[in-house]
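Peer 1: The primary structure of each chain is shown beneath.
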Amino acid sequence: DVKVTQSSRYLVKRTGEKVFLECVQDMDHENMFWYRQDPGLGLRLIYFSYDVKMKEKGDIPEGYSVSREKKERFSLILESASTNQTSMYLCASSFLGVANTGELFFGEGSRLTVL
Amino acid sequence: GESVGLHLPTLSVQEGDNSIINCAYSNSASDYFIWYKQESGKGPQFIIDIRSNMDKRQGQRVTVLLNKTVKHLSLQIAATQPGDSAVYFCAETRSGAGSYQLTFGKGTKLSVIP
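Chains as they are written, first to last, in the working numbering: chain R, 1 to 115; chain B, 1001 to 1114.
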């Protein structure tokens, strides 16, 4: 069964703290994504990665960075958390190749509150 | 249908009735569309997809209709059940990019009345 695991379901941090959100997938997928989900705004892409050590900005990369040192792991980093980064963060992965259907497999989300 | 504001559109349907969830997409170059279902406390899950060379595709109790002329997508759920209660997102993309970056709609909340 396909699995995308996000390390923390709920986090509470203070303004200015550095925050790491970890995501691991066990499907050997090339692509990994970080989305942010806010009520009424849907899912917005922060960053994505096609391969190890490769990253591309999404629609809202400001205030975030990412790291992909291993194929199965994609980390989202908030260098200095701010209250407007309080949100639900969703990690996803997909297969890259001729059989690519575009289907994303999502983790269960990490709800971050910044005080 | 999809909203551009902060309020999530809500559709309330009696159990056993059919549900129709609508989505207007913006990019005329998009040629691949997906519907996702997100239950409370979970990540979105794939329901059904359709490519632009089709105007209808059926799955188990679900049908997706695509009208490219007016850039409209709909998801029909037959005999709606309580387990169908969730937020539904449409997503669009243009194939050929390799990794299929999806653009998501803002979601519609489906509530099933027992």
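I should point out that these hints are in silico values taken from the structure, not numbers from a laboratory.
A hint or two may mislead.
Computed list of lysine-lysine pairs in DSSO-like fashion (alpha-carbon distance at most 27 Å, straight line) [as the list claims (entries may be wrong)]:
#, chain 1, residue 1, chain 2, residue 2
1, R, Lys55, R, Lys3
2, R, Lys13, B, Lys1068
3, R, Lys55, B, Lys1109
4, B, Lys1068, R, Lys71
5, R, Lys18, B, Lys1042
6, R, Lys3, B, Lys1042
7, R, Lys57, B, Lys1056
8, R, Lys71, R, Lys53
9, B, Lys1068, R, Lys3
Which residues of chain R face chain B? A few of them, derived with a C-beta cut under 10 Å, are [unchecked claim]:
#, residue
10, Tyr35
11, Gln37
12, Pro39
13, Leu43
14, Gly58
15, Pro61
16, Glu62
Ranges of calculated distance between the beta carbons of each label pair, as one might list FRET restraints [unchecked claim]:
#, chain 1, residue 1, chain 2, residue 2, range
17, R, Tyr10, B, His1072, 30 to 40 Å
18, R, Ile77, B, Ile1113, 42 to 52 Å
19, B, Gln1045, R, Ser80, 25 to 35 Å
20, R, Thr15, B, Asn1053, 47 to 57 Å
21, R, Met88, B, Ser1012, 39 to 49 Å
22, B, Gln1014, R, Gly40, 41 to 51 Å
23, B, Gln1076, R, Glu69, 28 to 38 Å
24, R, Glu17, B, Phe1046, 26 to 36 Å
25, R, Asp38, B, Phe1046, 42 to 52 Å
26, B, Arg1061, R, Phe20, 32 to 42 Å
The C-beta atom is built at its ideal place from N, Cα and C for all residues, glycine as well.
Peer 1: For each hint given before, does the structure comply? Return the numbers of the non-compliant ones in rising order.
Peer 2: Hint check: 2, 3, 4, 7, 9, 15, 16, 21, 22, 23 and 25 fail, others pass.
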